[in-house]
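Q: What follows is each chain in one-letter form.
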Amino acid sequence: MKFVICVSLLFFSFTMLAAETITVLYVFDQPWKDQAARFTEATGIGVRYIDAPFAQLRQIMVTAFAAGSSEYDVIHVRDDWVVEFANNGWLTPLDEMLPADFWEQFPKSAVEAMTVNGHIYGIPRYFWLWQFYYNTELLQAAGFSNPPRTWQEVVEVAQAITNPAAGIWGYVEPWGPTFAAVPFIVHLRAEGGEYWDYTNNRPLFNSEAGIRALQFMVDLYQKYKLIPDVAFQLDGTGPLAELFVSGTVAMCMNTPHVYPMSNNPQLSKIVGKVGVSLIPGSVLKSASYCETGAVAIPWFSTHKQAALEYCKFVTSPTEQARIAIELGRVPTILAAATDPAVMQKYPHFALAFEQMQYPARMDAMPKATQIREIVSAEIIAAIKGQKSAAQALADAERRVLALLGQ
Amino acid sequence: MKMKAFTRCIIVLVSLMLLLYTTFPFFWLLLSSIKYPVELYSIPPRFFPQRPTLNGYVAVLRDSEFLRSLLNTMIISLAATSIALAIGVLSAYAITRLRFRGKRTLFLSFFITQFIPPIVVLIPLYLIMQKFKLLGSFQGVIATQLTFLMPYVIWLLYGYFVRFPYELEEAALVDGCTRFQALTKVILPLSAPGLISTSIFAFVASWNDFLYALVIGMGHIKTISVKLAEYIGEARIVYELMFPGAIIGTLPVILVALVFQRYIIQGLAEGALRG
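Sequences listed follow chains A and B, in order.
The first sequence begins at 6 in my numbering and counts up by one.
The second sequence begins at 479 in my numbering and counts up by one.
Since the hints were made in silico from the structure, they are not lab data.
Beta carbons are placed, not taken as given, at the ideal position from N, Cα and C, and that holds for glycine.
Hints should not be assumed to be uniformly reliable.
In the DSS-like style, the derived pairs of lysine-lysine whose C-alpha atoms are separated by at most 25 Å in a straight line are [claimed, not checked]:
{"id": "1", "chain 1": "A", "residue 1": "Lys290", "chain 2": "A", "residue 2": "Lys113"}
{"id": "2", "chain 1": "B", "residue 1": "Lys609", "chain 2": "A", "residue 2": "Lys309"}
{"id": "3", "chain 1": "A", "residue 1": "Lys38", "chain 2": "A", "residue 2": "Lys317"}
{"id": "4", "chain 1": "A", "residue 1": "Lys392", "chain 2": "A", "residue 2": "Lys228"}
{"id": "5", "chain 1": "A", "residue 1": "Lys309", "chain 2": "A", "residue 2": "Lys38"}
{"id": "6", "chain 1": "B", "residue 1": "Lys611", "chain 2": "A", "residue 2": "Lys309"}
Far from chain A, some chain B residues (derived; all Cβ distances over 12 Å) [said to hold, decoys possible]:
{"id": "7", "residue": "Thr501"}
{"id": "8", "residue": "Leu508"}
{"id": "9", "residue": "Tyr514"}
{"id": "10", "residue": "Phe526"}
{"id": "11", "residue": "Leu605"}
{"id": "12", "residue": "Ala660"}
{"id": "13", "residue": "Leu668"}
Turn these sequences into a full structure, and let the hints guide you.
A: Quick look at the structure:
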C-alpha cells in the first residue's frame with residue numbers, strides 16, 4: 006500500500022512539474038532561446054522566454070521586483086546586480102536548495118561573486134573576463150615576437166609602435182567618464198593593491214599601490230604620450246574593441262568577444278593577426294577584471310523548483326560548452342572551457358582560467374555604479390594633470406565615504 | 479537695395495547652416511546604414527561609403543520580429559493618439575468653455591504632470607497594469623502612454639480653443655445646436671490645422687516612447703524603439719542592423735510629417751499666436 010502511495014505521489018509530482026511553465030528573462034540572441042527549447046525537450050517543463058535589450062535588463066527587473074511581481078522565474082544577474090538584488094530581498098538563496106558539492110565544480114571566485122551575506126544567490130554560467138589582446142603584425146613589425154609581460158614592457162613596445170601622424174597607437178585603455186575606474190582597478194591590482202574591502206564595505210584604493218597605479222596611467226598620457234585623447238570617450242570595452250579591429254591600436258585589455266570579432270572579415274581589418282596573452286603585471290604577475298554572468302531565481306517566483314531545474318540545466322558543462330561555441334562566452338566550468346570543440350574555436354579560452362588565478366573580481370559593492378563614476382572622475386582629473394595622483398585618490402575616497410554615509 | 483540683398487543673403491546662409499546642423503545626424507545615419515561594419519570602424523571615419531551595401535536593409539526586412547515591432551508601433555501609436563485626441567478634445571473644451579470649481583487647478587495639474595519624469599511613475603503604473611492583468615499587452619502599453627500623451631494634447635488644444643471666437647459657437651447654440659454639436663460641427667472643423675498638428679506631435683511622442691513600451695510591453699509587445707535597443711548587445715553594438723533599422727523605423731514618421739507638413743506649419747503658427 007505504502008509503495009502504491011509513494012509511486013502515486015512521485016508520479017503526481019512529476020506530472021505537476023512537467024505541466025509547469027516557467028518564465029525566463031534574458032537577451033534576444035537566438036542561442037539562448039534555443040537553449041530554453043532544449044530544456045523543455047529534456048524535462049517537459051515549458052519555458053516562456055521573455056527577451057529584452059541587455060542594457061535595460063536591470064531596469065526591467067528592478068521595476069518588477071519593486072512591485073513585488075512574480076512574473077519572472079529565472080533571471081540573469083551579474084556581480085553588482087546580485088549584491089543589489091540580494092540586499093533588497095529579491096533573490097532566492099540557492100545554497101539552501103542545492104548540495105554543497107554542487108558548487109565545487111565552479112571556481113571559488115565565481116561562487117564568491119554570487120555570495121551575499123553568506124548565501125549564494127546565482128549559479129555562474131559565463132565569465133566576461135578581461136584579457137590582453139595584441140596585433141601580432143604591428144608587434145612583429147616593431148621587432149617584438151612576444152607580447153609584453155609587464156606594464157613597463159607595454160610602455161616599451163607601445164613607444165616603438167605609436168605613430169600619431171599615421172594614426173597608429175601602441176596601447177589604448179578606455180578612460181571614459183564612467184569607466185576609467187575599471188582599467189585603474191587592473192593597474193591597482195597589478196601593483197599589489199585592492200579596490201574594496203568587502204567585509205567592512207570601505208574603499209581600499211587610496212593606498213601606495215593605488216598611487217603607483219594611477220601615476221602609471223598619468224605617465225602613459227602625460228610623460229610617454231602613448232594614449233590618444235579619444236581614450237576619454239571610450240566608456241566601455243566595446244568602443245575600444247572597434248578601434249582594435251580597425252587595426253589602429255596594437256594592444257589593449259578587452260573582453261572575450263574581441264577574438265571572434267578580430268577574426269571576422271565582415272568586421273575586422275586584422276583577421277588572423279590577433280594574439281591573446283595574460284594581462285601584464287608589475288608587483289603581481291598579472292591581474293584582471295571579470296564580470297560573472299549567472300542565473301538566479303527571484304524571491305517572488307512561484308515555480309522555484311522548476312526554475313532551479315532550468316538553472317542547473319543551463320549551467321551544465323554540456324550547455325556551457327555549446328553556448329561558448331555559439332556565443333563566445335567563457336564557460337565557468339573548466340571541463341566546458343577545455344572542451345576540444347571550444348578550444349578549437351576559441352584557443353584564447355585556454356588562458357582564461359590561468360588569468361582567473363590572479364585577482365579579477367568585478368567591483369560589486371552596494372552603490373557600485375555611483376562609486377565607479379566618482380572614482381572615474383577623479384582618475385580622469387589626475388590623468389589630465391588637474392590634480393596629483395595622491396590628491397585624486399584622497400578626493401575619491403572622501404567622496405565615496407560621503408556617498409556611503411561613513 | 480544692396481543692404482536688403484545682403485540681409486537676405488545672411489538669412490539664407492544662416493538658414494542653410496541651421497538646416498545642415500539639424501539634418502546632418504540623419505544624413506550621417508543614412509550613409510552609415512549602407513556601409514559595411516569594417517568601414518564603420520575605420521579611423522579616420524570616411525564620409526561616403528567606399529562600397530555601398532544594402533545587406534543591412536535586407537537582413538532587417540527579412541527579420542519577422544523587426545517587421546512585427548514596426549506593426550506593433552503603428553498599432554500603439556495610432557490607438558494612443560486617437561484616444562488621447564478624443565478625450566483631449568473634450569477635456570480641453572471643458573476647461574476652456576465650462577465654468578466649474580477647481581478648473582484652474584485641474585488645468586495646472588495637467589500642465590505640471592508634463593514635468594514629472596516618466597521613470598518616477600513607472601513602478602505605480604506597473605503595479606496598476608499588473609493588477610488589471612495588462613502587462614505585456616497592447617492595452618497596457620497604450621494606457622500607460624496616455625499618461626503622458628493626454629496632458630500634452632489637452633495643453634496644446636487648450637491653446638487653440640481658448641482664442642476661438644466665442645461668437646461662432648454662440649451662433650451655433652442660438653441656431654439650436656447642443657454644446658456637443660457646436661463642438662463637433664463648428665469648433666473642430668475650424669480647428670483642423672490645430673488638431674492635425676496636435677495629433678502628429680502625439681503620434682511622434684508615442685512612436686518614440688521607449689521606457690513604457692519596454693517595461694509594460696514585457697518583450698511581448700515590442701515596439702520599434704525597443705527592437706532597436708536590442709542591437710546594443712553585451713558584446714558589441716550591431717551597427718550594421720541598427721542603422722538600417724533606425725532609418726526604416728523613422729520613415730513612417732517622416733512620411734506623416736511630409737504629408738501633413740502644411741497643417742503642422744499652420745497649426746504651429748496659430749498655436750504660437752493663440753497660446
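Q: Taking C-beta pairs only, is Thr501 of chain B more than 12 Å away from all of chain A?
A: Non-interface label on Thr501 of chain B holds, nearest chain A Cβ at 24 Å vs cutoff 12 Å.
Q: Does Leu605 of chain B sit more than 12 Å from chain A, CB to CB?
A: violated, 5 Å
Q: For the pair we were handed, Lys309 of chain A and Lys38 of chain A, check the Cα-Cα distance against 25 Å.
A: holds, 20 Å
Q: With d taken as the least Cβ-Cβ distance between Tyr514 of chain B and chain A, does d exceed 12 Å?
A: Incorrect as stated: the minimum Cβ-Cβ distance to chain A is 7 Å, not above 12 Å.
Q: Taking C-beta pairs only, is Leu508 of chain B more than 12 Å away from all of chain A?
A: holds, 20 Å
Q: Taking 12 Å as the cut and beta carbons as the points, is Ala660 of chain B off the interface with chain A?
A: The assertion about Ala660 of chain B holds, with a minimum of 45 Å to chain A.
Q: Hey, Lys38 of chain A versus Lys317 of chain A, does the alpha-carbon distance stay inside 25 Å?
A: holds, 16 Å
Q: Taking only the CA atoms, is the gap from Lys609 of chain B to Lys309 of chain A under or equal to 25 Å?
A: holds, 22 Å
Q: Quick one, are Lys392 of chain A and Lys228 of chain A close enough, alpha carbons at most 25 Å?
A: Given pair Lys392 of chain A, Lys228 of chain A holds - Cα atoms ~15 Å apart, limit 25 Å.
Q: Is Lys611 of chain B close enough to Lys309 of chain A, meaning Cα to Cα at most 25 Å?
A: Holds, at roughly 22 Å.
Q: Is Lys290 of chain A close enough to Lys113 of chain A, meaning Cα to Cα at most 25 Å?
A: holds, 20 Å
Q: Decide, holds or violated, for the assertion that all CB atoms of chain A are farther than 12 Å from the CB of Leu668 of chain B.
A: Non-interface label on Leu668 of chain B holds, nearest chain A Cβ at 44 Å vs cutoff 12 Å.
In summary, the structure is inconsistent with hints 9, 11 from the numbered list given earlier, while agreeing with the others.
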